[in-house]
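Engineer: Sequence:
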Amino acid sequence: MASLMTSTHRLSDYNRIVVKIGSALLVENGTLKQSWLEALVTDLMDLISAGKEVIVVSSGSIALGRGLLGLAAGALKLEESQAAAAAGQIELAKAYAEALGNHGKRPGQILLTLGDTEQRRRYLNARATIGTLLKLGAVPIINENDSVATSEIRYGDNDRLAARVATMASADCLVLLSDIDGLYTAPPAQNPDAVFLPEVPRITLEIEDMAGSAGSELSRGGMKTKIDAGKIATAAGTSMVITSGKELNPLRRLADGARCTWFPAMATPASARKAWIGGHLEPHGIITIDEGALRALLSGKSLLPAGVVRVEGQFLRGDAVRVVSTAGRDVARGLIAYDHDEAALIIGRNSTEIEAIVGYSGRAELIHRDDMAVDEGLEKSGQER
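Residue numbering for the sequence shown follows this note's numbering, beginning at 1 and increasing consecutively.
Hints may contain errors.
Said to hold, decoys possible - The list that follows gives simulated cross-link-like pairs (lysine to any residue, SDA-like), each with its CA atoms no further than 20 Å apart:
(1) Lys105 to Leu136
(2) Lys246 to Ile180
(3) Lys33 to Arg252
(4) Lys33 to Ala87
(5) Lys94 to Leu68
(6) Lys33 to Leu248
(7) Lys33 to Ser23
(8) Lys231 to Pro264
(9) Lys105 to Leu47
(10) Lys52 to Arg127
(11) Lys94 to Leu69
(12) Lys135 to Ala97
(13) Lys105 to Ser35
(14) Lys231 to Thr204
(15) Lys246 to Ala258
To be verified - Simulated restraints, written as ranges between beta carbons of each label pair:
(16) Arg10 to Gly348: 44 to 52 Å
(17) Thr268 to Asn125: 21 to 29 Å
(18) Ser49 to Glu98: 13 to 21 Å
(19) Ala73 to Ala344: 58 to 66 Å
(20) Thr268 to Ala364: 23 to 31 Å
(21) Gly257 to Val195: 15 to 23 Å
(22) Gly300 to Gly359: 27 to 35 Å
(23) Gly348 to Arg202: 43 to 51 Å
(24) Gly359 to Arg202: 44 to 52 Å
(25) Ala128 to Asp13: 21 to 29 Å
(26) Ala344 to Gly74: 54 to 62 Å
(27) Arg202 to Asn15: 17 to 25 Å
(28) Val195 to Leu316: 47 to 55 Å
(29) Thr8 to Val195: 16 to 24 Å
Derived from the structure by calculation, the hints contain no laboratory data.
All C-beta atoms, glycine included, are put in the ideal place defined by N, C-alpha and C.
Turn these sequences into a full structure, and let the hints guide you.
Structural biologist: Encoded structure:
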């Protein structure tokens, strides 16, 4: 049984926060709930003013498009859903642009498919785009690309998509705004004896059973997908919280102690990501580095082309590679930013020469420090063993 203790987690404890918004909160009868959106954006600005970075994963394009195109109530065919998404996404982006613009902020729209979060090359591109938008002071607004995704290649719910976005962006908190204020031992509307759980230290089979089976009415966009999202998020170092979004200013209410269920992360995003890189990816090549580069890596810096003396293997951008010293000792594993043929051309060269050599303005680092797991023994000793 999950702990029944009062949670001590606070939204203010986190620095990079992903907020997931469901269609029912944002759209009613095919029309945008303007006052709700404006209140939410005020909450987002409060977080940004407090030094937090925020990313929004927003549903609503199909619900909006349905109203715009005059589609009848009831289940939609795939092509109707895709058409509704295409029409609604324009309206949704416009609404966010106007609401954020009233506060002097700009959104950056990103439409993702399942492959964008599962295939390493596309994953790295999406991760870089999110990071760059945040650095430039924009608010990433993310949705699944419903206008092209089919039932076989889509998430189908934004709970799990939000969890993937949170792990991709190395967010330390995922907020799921829902029509329910957290997790109960049973559906509270059906069972008056259902017990509210303020914190779930670990997602067990018992917790999964509380969320309902895959075939239940709770499954699509319900509690089951939220628990699935929690498994993804917490394993990757992102804490998750479920709270009600029905009232105005739901994030402010959460910060002020509104009822919610917290799912604490099992590690930090950085440590979880490095563990994934270091132990769960099959390397496709070998990068041999000189003594200067070795010292740089041990001091926490990225790997630049200038410090590389040899590349081996047939790797592509985004593949995992081994990093070894000239003595052949394993130093690190990382996700490389260039294909083998390009990497072979730029090794030993200054990063300022990359564009002239490969023909485009690539990344300055061969492997960025955020995409690299250095051998723990070497890091602790500060020298090669």
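Engineer: Work down the list of hints and note, for each, if the structure agrees.
Structural biologist: Okay, the hints, checked on the actual structure:
{"no.": "1", "hint": "Lys105 to Leu136", "verdict": "holds, 10 Å"}
{"no.": "2", "hint": "Lys246 to Ile180", "verdict": "holds, 8 Å"}
{"no.": "3", "hint": "Lys33 to Arg252", "verdict": "holds, 18 Å"}
{"no.": "4", "hint": "Lys33 to Ala87", "verdict": "holds, 17 Å"}
{"no.": "5", "hint": "Lys94 to Leu68", "verdict": "holds, 14 Å"}
{"no.": "6", "hint": "Lys33 to Leu248", "verdict": "holds, 11 Å"}
{"no.": "7", "hint": "Lys33 to Ser23", "verdict": "holds, 10 Å"}
{"no.": "8", "hint": "Lys231 to Pro264", "verdict": "holds, 10 Å"}
{"no.": "9", "hint": "Lys105 to Leu47", "verdict": "holds, 13 Å"}
{"no.": "10", "hint": "Lys52 to Arg127", "verdict": "holds, 18 Å"}
{"no.": "11", "hint": "Lys94 to Leu69", "verdict": "holds, 17 Å"}
{"no.": "12", "hint": "Lys135 to Ala97", "verdict": "holds, 18 Å"}
{"no.": "13", "hint": "Lys105 to Ser35", "verdict": "holds, 18 Å"}
{"no.": "14", "hint": "Lys231 to Thr204", "verdict": "holds, 10 Å"}
{"no.": "15", "hint": "Lys246 to Ala258", "verdict": "holds, 12 Å"}
{"no.": "16", "hint": "Arg10 to Gly348: 44 to 52 Å", "verdict": "holds, 49 Å"}
{"no.": "17", "hint": "Thr268 to Asn125: 21 to 29 Å", "verdict": "holds, 24 Å"}
{"no.": "18", "hint": "Ser49 to Glu98: 13 to 21 Å", "verdict": "holds, 20 Å"}
{"no.": "19", "hint": "Ala73 to Ala344: 58 to 66 Å", "verdict": "holds, 59 Å"}
{"no.": "20", "hint": "Thr268 to Ala364: 23 to 31 Å", "verdict": "holds, 26 Å"}
{"no.": "21", "hint": "Gly257 to Val195: 15 to 23 Å", "verdict": "holds, 19 Å"}
{"no.": "22", "hint": "Gly300 to Gly359: 27 to 35 Å", "verdict": "holds, 31 Å"}
{"no.": "23", "hint": "Gly348 to Arg202: 43 to 51 Å", "verdict": "holds, 48 Å"}
{"no.": "24", "hint": "Gly359 to Arg202: 44 to 52 Å", "verdict": "holds, 50 Å"}
{"no.": "25", "hint": "Ala128 to Asp13: 21 to 29 Å", "verdict": "holds, 27 Å"}
{"no.": "26", "hint": "Ala344 to Gly74: 54 to 62 Å", "verdict": "holds, 58 Å"}
{"no.": "27", "hint": "Arg202 to Asn15: 17 to 25 Å", "verdict": "holds, 24 Å"}
{"no.": "28", "hint": "Val195 to Leu316: 47 to 55 Å", "verdict": "holds, 50 Å"}
{"no.": "29", "hint": "Thr8 to Val195: 16 to 24 Å", "verdict": "holds, 19 Å"}
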